[in-house]
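Those sequence lines, one after another, are chains A and B. FYI, in our numbering the residues of the first sequence are 1 to 112. FYI, in our numbering the residues of the second sequence are 113 to 225.
Just so you know, these hints were derived from the structure itself, not from any lab. Computed from a predicted structure; not experimentally measured. C-beta: ideal position from N, C-alpha, C; glycine also. The reader is advised that the hints may include incorrect statements.
List of simulated lysine-lysine pairs, BS3-like, C-alpha gap at most 25 angstroms [claimed, not checked]:
hint: 1; chain 1: B; residue 1: Lys169; chain 2: A; residue 2: Lys5
hint: 2; chain 1: A; residue 1: Lys5; chain 2: A; residue 2: Lys56
hint: 3; chain 1: A; residue 1: Lys54; chain 2: A; residue 2: Lys111
hint: 4; chain 1: A; residue 1: Lys38; chain 2: A; residue 2: Lys5
hint: 5; chain 1: A; residue 1: Lys5; chain 2: A; residue 2: Lys54
hint: 6; chain 1: A; residue 1: Lys104; chain 2: B; residue 2: Lys169
hint: 7; chain 1: A; residue 1: Lys111; chain 2: A; residue 2: Lys71
hint: 8; chain 1: B; residue 1: Lys169; chain 2: A; residue 2: Lys38
hint: 9; chain 1: A; residue 1: Lys111; chain 2: A; residue 2: Lys37
Examples of chain B residues toward chain A, derived with CB under 7 angstroms [claimed, not checked]:
hint: 10; residue: Gln130
hint: 11; residue: Asn168
hint: 12; residue: Phe172
hint: 13; residue: Leu202
hint: 14; residue: Phe216
hint: 15; residue: Pro218
hint: 16; residue: Leu222
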Amino acid sequence: DQQVKQNSPSLSVQEGRISILNCDYTNSMFDYFLWYKKYPAEGPTFLISISSIKDKNEDGRFTVFLNKSAKHLSLHIVPSQPGDSAVYFCAASEGSQGNLIFGKGTKLSVKP
Amino acid sequence: KAGVTQTPRYLIKTRGQQVTLSCSPISGHRSVSWYQQTPGQGLQFLFEYFSETQRNKGNFPGRFSGRQFSNSRSEMNVSTLELGDSALYLCASSTGQGLDTQYFGPGTRLTVL
Numbered sequence: 001d002q003q004v005k006q007n008s009p010s011l012s013v014q015e016g017r018i019s020i021l022n023c024d025y026t027n028s029m030f031d032y033f034l035w036y037k038k039y040p041a042e043g044p045t046f047l048i049s050i051s052s053i054k055d056k057n058e059d060g061r062f063t064v065f066l067n068k069s070a071k072h073l074s075l076h077i078v079p080s081q082p083g084d085s086a087v088y089f090c091a092a093s094e095g096s097q098g099n100l101i102f103g104k105g106t107k108l109s110v111k112p
Numbered sequence: 113k114a115g116v117t118q119t120p121r122y123l124i125k126t127r128g129q130q131v132t133l134s135c136s137p138i139s140g141h142r143s144v145s146w147y148q149q150t151p152g153q154g155l156q157f158l159f160e161y162f163s164e165t166q167r168n169k170g171n172f173p174g175r176f177s178g179r180q181f182s183n184s185r186s187e188m189n190v191s192t193l194e195l196g197d198s199a200l201y202l203c204a205s206s207t208g209q210g211l212d213t214q215y216f217g218p219g220t221r222l223t224v225l
């Protein structure tokens, strides 16, 4: 039973446009959410996070939105660049437990 | 600051053997978590060590074990290897306190023949 779901396995976007990656969760005890970017055979690279007391967090081209009532978060990348092409994972945790629950990932392709 | 390092990067073993993987966390981090990534199951949590004590454990058989040393370096051991243990094994380090971001190493690719 997946606690964190990324329902879109892939997403294709034109360079310069906005990329929106979505993530849903079921556990209302999650209080910290993170997005990671990953290339094959490499470790995930941390992008941005948000705590459950916020509904938005920005870092450069990356913005994460959290809708607690809908148990939904999204990652916006504006503008998208070809170097953003990778698999993006949404992850959630409860308290300070070192147990991240990951979604299955969304493969983003940004076309020049 | 140096990132998380993992050794070895690649490993080939045969069924029934055992293997030990090593992880050195970011300086000052006291928590090390281990994950297994496979195409079918995605990224799954194995266990977490904090200050030399196992603090959390995922749903993996007892063949998977770990430990953490006083310098926060951690090792993961898999005994009696099975074909299904072939995976990318990732470790991540964090402070282990509060709302905590985990930073991942490059992983160890284990192939079991």
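Practice item. Tell me if glutamine 130 (chain B) is really an interface residue toward chain A, meaning its C-beta lies closer than 7 angstroms to one of theirs. Key: violated, 23 angstroms
Check your understanding: Does the CB of phenylalanine 172 (chain B) sit less than 7 angstroms away from some CB of chain A?
Key -> violated, 12 angstroms
Exercise for review: Verify the proposed pairing of lysine 104 (chain A) with lysine 169 (chain B), using a straight-line Cα cut of 25 angstroms.
Suggested key: holds, 20 angstroms
Exercise for review: Take a quick look at whether lysine 54 (chain A) and lysine 111 (chain A) sit within 25 angstroms of each other, Cα to Cα.
Suggested key: Violated. Lysine 54 (chain A) to lysine 111 (chain A) sits at ~32 angstroms, over the 25 angstroms cutoff.
Review point. Within 25 angstroms, alpha carbon to alpha carbon, are lysine 111 (chain A) and lysine 71 (chain A)?
Key: violated, 31 angstroms
Check your understanding: Would the stated hint for asparagine 168 (chain B) survive a check requiring a Cβ distance to chain A of less than 7 angstroms?
Key -> holds, 5 angstroms
Check your understanding: With 7 angstroms as the cut and Cβ atoms as the points, is phenylalanine 216 (chain B) at the interface with chain A?
Key -> It holds, given that the least Cβ distance between phenylalanine 216 (chain B) and chain A is near 4 angstroms, below 7 angstroms.
Review point. Given the proposed pairing of lysine 5 (chain A) with lysine 54 (chain A), does the C-alpha separation stay at or below 25 angstroms?
Key: holds, 20 angstroms
Practice item. Quickly compare the C-alpha distance for lysine 38 (chain A) and lysine 5 (chain A) to 25 angstroms and report which way the hint goes. Key: holds, 17 angstroms
Exercise for review: Starting from lysine 5 (chain A), check that the Cα of lysine 56 (chain A) is at most 25 angstroms away, please.
Suggested key: holds, 20 angstroms
Point to revise | chain A contact restraint for leucine 202 (chain B) - C-beta distance below 7 angstroms | key: Constraint on leucine 202 (chain B) satisfied, holds at 5 angstroms.
Check your understanding: Does lysine 37 (chain A) lie within 25 angstroms of lysine 111 (chain A) when you go C-alpha to C-alpha?
Key -> holds, 17 angstroms
Hints 3, 7, 10, 12, 16 from the earlier list are contradicted by this structure; the remaining hints agree with it.
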